[in-house]
Amino acid sequence: RKEVEQDPGPFNVPEGATVAFNCTYSNSASQSFFWYRQDCRKEPKLLMSVYSSGNEDGRFTAQLNRASQYISLLIRDSKLSDSATYLCVVSLSSNDYKLSFGAGTTVTVRA
Amino acid sequence: DGGITQSPKYLFRKEGQNVTLSCEQNLNHDAMYWYRQDPGQGLRLIYYSQIVNDFQKGDIAEGYSVSREKKESFPLTVTSAQKNPTAFYLCASSSGRENSPLHFGNGTRLTVT
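Respectively, the protein sequence lines represent chains A and B.
So in this note's numbering, spot 33 of the first sequence is number 33, and the numbers just go up one at a time.
So in this note's numbering, spot 14 of the second sequence is number 1014, and the numbers just go up one at a time.
In case anyone wonders, no lab produced these hints; they're calculated from the structure.
Quick reminder that beta carbons are idealized off the backbone N, C-alpha and C, glycines included.
Quick list of in silico lysine to any residue cross-link-like pairs, SDA-like style, CA-CA up to 25 Å:
#1 A:Lys98 with B:Ser1065
#2 B:Lys1009 with A:Arg37
#3 A:Lys98 with B:Val1052
#4 B:Lys1009 with B:Val1112
#5 A:Lys45 with B:Ser1022
#6 A:Lys98 with B:His1029
#7 B:Lys1070 with B:His1029
#8 B:Lys1009 with B:Thr1020
Anything over 12 Å on all C-beta distances counts as not near chain B; from chain A, calculated:
#9 Asn22
#10 Asn27
#11 Lys79
Extracted from the complex, chain B is given alone in its bound form (with noise of 0.2 Å):
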């Protein structure tokens, strides 16, 4: 079945460590997408790439970092400096035609303490 794979599900960092979250689909999609959501809140846009070896940052991009060496992967490294990285991590990916719908993975939930 094609989909959005990100690993793992649940993820403890200690304050001060990088930490890199895994995107992978086999629906053949040019766009990925990296978004965060805290409690109570709307998905916020970190990065997003439209095509190989390309990525934009997005609204929140400070403390993160992304590469795009395969159409299939997406990584996201949470740094350092990312002040609050505690959250829900979801990424997605669409075709990138108009009226294109985004598919999810099923999120990454990183807990740093």
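So here's chain A without its partners, still in its complex pose (with noise of 0.2 Å):
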């Protein structure tokens, strides 16, 4: 099994629509946990970090349910700007220095 998993897509919406993916992990001992988005053949940049309670940003949510090992983002209002590759990255143990990435969810907001 993979560290961390996601869905590949694409996830191919209109613009206004809701979107919402996840990420499985397999360690249970993981402590931090982020999204990071990627545009094509640039660096990802960090959309946010997931905090046990969940959190929100703007049209951005995140969830956290460690009972099942998993992550969750969801995107309301959809912009064709939030057309990208969704990187789940999880720290593999107690351990915050060594972080494993997921291989993206893309997704496309279409107009």
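Put the complex together from the two separate chains, hints included.
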């Protein structure tokens, strides 16, 4: 089983739609969770950290489910500019120096 | 402005040559990392360093070497022993504290022919 797994998509949605996707992780000792956004041929950029109680940043909502070992990202009122690949990042253990990346979920928002 | 600088952005080398990728940060971060990304795949960890003069192998360290002589700098050498070196190389840093995210440089795209 991979350490971090994501549905690769692509998720093709119209502008204004809501899109959501999950990321599962294998190590129950993982403590740190993040969502990154990566545009084509660019470096990943931090979208948001994921906290135990869930958190929201504008149109983006992240949730953590420790019991089932997954995190989720929900995008409301999708914009064309939200088209990107979203990477799930998880610490492998209580040692936060080592982070593992999912392969990414591609989202395409169409006009 | 604080950040991470990778250079060069594009690099072309002949097979059999060693090549060194530069990574410098002025964020005063303790931890630095090198990742490799291949098309359609996730990032894979090559090496990481938690502190000056110390570094650990990641998941795919074979054919690579690093040094951490200064806090700000973490250069990566791709040696001729690396069987498939053509890839997008990303350097990152973090404070190393709990829940601290990675900050990435803008990457070096290496092509070996």
